[in-house]
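Colleague: The chain contents come next:
2 protein chains.
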Amino acid sequence: MQTQSVEIVEVGPRDGYQGIGPFIPTETKIKFLEQLFRAGLRRIEIGSFVSSTAVPQLRDTREVLQWCAKLPDLQAQVLVPSERRGREAVDAGARRLVFVLSVSEAHNRNNVRRHPLESVGDYERLVAGIPAEIGMRLDIATAFDCPFAGRVPEAETTSLLDRLIPIRPDAEICLCDTTGRADPDHVGRLLSQAMQRFPNVTSWALHAHDTYGLGLANVYAGFRQGVRVFDASVGGLGGCPFAPGATGNVATEDLVWMFHRMGIATGIDIGPLVPLAREAANLPGALPGGRVRDAISASNERCRAQTPEQQVRA
Amino acid sequence: MQTQSVEIVEVGPRDGYQGIGPFIPTETKIKFLEQLFRAGLRRIEIGSFVSSTAVPQLRDTREVLQWCAKLPDLQAQVLVPSERRGREAVDAGARRLVFVLSVSEAHNRNNVRRHPLESVGDYERLVAGIPAEIGMRLDIATAFDCPFAGRVPEAETTSLLDRLIPIRPDAEICLCDTTGRADPDHVGRLLSQAMQRFPNVTSWALHAHDTYGLGLANVYAGFRQGVRVFDASVGGLGGCPFAPGATGNVATEDLVWMFHRMGIATGIDIGPLVPLAREAANLPGALPGGRVRDAISASNERCRAQTPEQQVRA
Chain A
687 MQTQSVEIVE
697 VGPRDGYQGI
707 GPFIPTETKI
717 KFLEQLFRAG
727 LRRIEIGSFV
737 SSTAVPQLRD
747 TREVLQWCAK
757 LPDLQAQVLV
767 PSERRGREAV
777 DAGARRLVFV
787 LSVSEAHNRN
797 NVRRHPLESV
807 GDYERLVAGI
817 PAEIGMRLDI
827 ATAFDCPFAG
837 RVPEAETTSL
847 LDRLIPIRPD
857 AEICLCDTTG
867 RADPDHVGRL
877 LSQAMQRFPN
887 VTSWALHAHD
897 TYGLGLANVY
907 AGFRQGVRVF
917 DASVGGLGGC
927 PFAPGATGNV
937 ATEDLVWMFH
947 RMGIATGIDI
957 GPLVPLAREA
967 ANLPGALPGG
977 RVRDAISASN
987 ERCRAQTPEQ
997 QVRA
Chain B
687 MQTQSVEIVE
697 VGPRDGYQGI
707 GPFIPTETKI
717 KFLEQLFRAG
727 LRRIEIGSFV
737 SSTAVPQLRD
747 TREVLQWCAK
757 LPDLQAQVLV
767 PSERRGREAV
777 DAGARRLVFV
787 LSVSEAHNRN
797 NVRRHPLESV
807 GDYERLVAGI
817 PAEIGMRLDI
827 ATAFDCPFAG
837 RVPEAETTSL
847 LDRLIPIRPD
857 AEICLCDTTG
867 RADPDHVGRL
877 LSQAMQRFPN
887 VTSWALHAHD
897 TYGLGLANVY
907 AGFRQGVRVF
917 DASVGGLGGC
927 PFAPGATGNV
937 ATEDLVWMFH
947 RMGIATGIDI
957 GPLVPLAREA
967 ANLPGALPGG
977 RVRDAISASN
987 ERCRAQTPEQ
997 QVRA
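Chains A and B are the protein sequences, given in the same order.
Numbered by the working numbering, the letters in the first sequence go through residues 687 to 1000 in order.
Numbered by the working numbering, the letters in the second sequence go through residues 687 to 1000 in order.
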C-alpha cells in the first residue's frame, strides 16, 4: 500500500514576515531558510516583489532569492501582484512565481489599486512575456470571504477562474481564505465546484488562516476534497491585518502534526521544526499562532521532569 | 427546508474549573451559570461528585446543583466516577448523571484506581439502584488516545461499549478525546464503526480537546459522521494535565462560530457569549484557549476605531 502524501508550502518568510515591523536582517532570514530546508521543507515562499514602501520588511527578497540558488532542491517561490513585478522577479532569477489577485473588487483595489479584471489582463501580459518554464501559481485571495464585502459567492470565484485558467492551464490554483472566515463546508463546496468545472488543473492548493480557529478544520475539508498542497507558516506567524491581535496563517507544525497523525507523509521532520517554530514565534514584533509548539514543548518538559520512579507511579 | 441544528454542552463549570487552583466563590459560579443560560446554553455540566480532596474547586457542586432547580429549562448534568458518587448525586437532586470511565486501564487506574471492567460493574450497580428517569450519559475517556499508553485501537473502545450499552440502552454515549491527540480521520473512523455496531444508541456525543490544534477539525469530522451533541468550554477553559501550559477543551464560542458559519443552528447567541468567554479566560489561575474571542474582539475594536470616513477609505 502506498503512503499518501501532501506538500506543505512554507509561507512564513513572506506572509509571516511581511507584517513584522522591526527589520529581520537578511542573514537571519537566510539562516532560517536553511534550517527550514534541513527540517524537510522543499517549497518555500521566500518573499515578494512588491513596493518596498508598502512592505519594507521584504525589501531584501532579491538577495534572499540569490542565496536560494545554492540549494538546488529548494523550490523558492516569490509573490508578485502585477506584470511589472513579475518581470522584475524573473529578471532577478525567480523560477517560480505566485501571481496574487482578489475575487473581491474592494479587496483587489485595496491591495493593488485596480479592478480584478485589470489584474487578469496584467496576468495575461505577464504570462505572455516570460518563459513558459517559469513555474506559475495563482493565489486567489478572498476566494471565500472578503474583509470589506463579506462572504464571496462560489460563482464569483469560479467566474474569475474561467478567465484565468485558460491563460496558463498548467498553473497551480491556490484558493486563499484571506480572512479566516471560511468554514469547512464552504471549503469543501467551492473546491468541489471548482474541481468539477476545471478538471484539467494539475494542482489545487489551499491557503488557510486560523483567525477564527477553523484553519485545520478547513485544511482537513480541503484534503478530503482532494487538495494535496497546503500553505502554512512556521509558528503560525502572520497575524491578521483585519483583526489586529488575532492570529493568521495556520501553523506549519500543526499541519505536519495533523497529517502525520493521519498517516499522511509530509517529508517534514517535526523534531527540528518545533524549536524553529519557537524561534519564529519569538521574533520581535511577531504575532504567532498554532497549538502544537506549546503542546509538544509542554509534554517534553513533563517527561524530562519525571524520574523513572515517578513515571511508574503515574 | 428545515435548519439543521446541534446541541452544545457547556462543560466549563466542570472540566474548565476543576484545574483552577484559587477557589471560585459559589456565587460567582452561579452568576456565571445564569449568564450562560441567558446566552442560550441549555445543557451545562455544572460540577462533579468526586473527592473534594482531589478536586477542591468543585466541593460546592451540591449547592450549585440546588440553585439550578430555579431554572427548569436548564439541563444540569453532573459528572460521577463511581456508583457511590452517583447515588450521592441523585440524593442531592441531580436529574442527569455523566458516568465517566476510561477505555485505557492505565488511565482508569490513574483516575479512579480500578480496572475499566470494575468500573463497568460499578456502572451496572448504579443503574440498577437509581430511578430510570434519571438521565444518563457515559463519558468514554481515552476513547482515542491515552496519555500513558498512546493510541487506543478502535476495537478496544467498541469492546468496552459492548459491555456498557446494554446496561442502559438509552444512555447518551460521549466519546472523549482526553489528550487532544485524535485526528479527524480517527474520529470519523471510530464513530463510523461504533454507530454501525450500535444502531440503537439514541444520542452520540463528542468531547474534543484542542491541545494540538485539532479540536475543531475533530468536531467537524464528528458532525460529518452524524454526531449532533458536542462538549465545549467557554473561553476554552480547561488546560491539559498531560501537557501543562497547553490548552484543553475546545472553546464554546469557537464551536458556535463554526456551526453558525455553516448555517447550523445552536440556539446560542454569540454576542453575549464572547464577553463571557473573556471573563472566563481572565479568572485567576485559568488556562484559556480558543480563537474566536480574540478575533471578534479585535474586529470590534477596529470597527469602533474607524470613523465612517476612514471606513470609506479602507
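Watch out, some of these pointers could steer you wrong.
[Said to hold, decoys possible] Reference excerpt, derived from the structure (chain B facing chain A, CB under 8 Å, subset only): (1) Gln690; (2) Leu751; (3) Ala755; (4) Leu757; (5) Asp759; (6) Pro817; (7) Gly836; (8) Glu840; (9) Pro870; (10) Thr933; (11) Arg977.
No lab work stands behind these hints, which were simulated from the structure alone.
Just so it is clear, the structure is predicted and the values come from calculations on it, not from any experiment.
Don't be surprised by glycine CBs; every beta carbon is placed ideally from N, CA and C.
Colleague: State for each hint whether it applies.
Modeller: Each hint tested on the structure:
no.: 1; hint: Gln690; in the structure: violated (11 Å)
no.: 2; hint: Leu751; in the structure: violated (32 Å)
no.: 3; hint: Ala755; in the structure: violated (35 Å)
no.: 4; hint: Leu757; in the structure: violated (29 Å)
no.: 5; hint: Asp759; in the structure: violated (29 Å)
no.: 6; hint: Pro817; in the structure: violated (38 Å)
no.: 7; hint: Gly836; in the structure: violated (11 Å)
no.: 8; hint: Glu840; in the structure: violated (14 Å)
no.: 9; hint: Pro870; in the structure: holds (5 Å)
no.: 10; hint: Thr933; in the structure: holds (6 Å)
no.: 11; hint: Arg977; in the structure: holds (3 Å)
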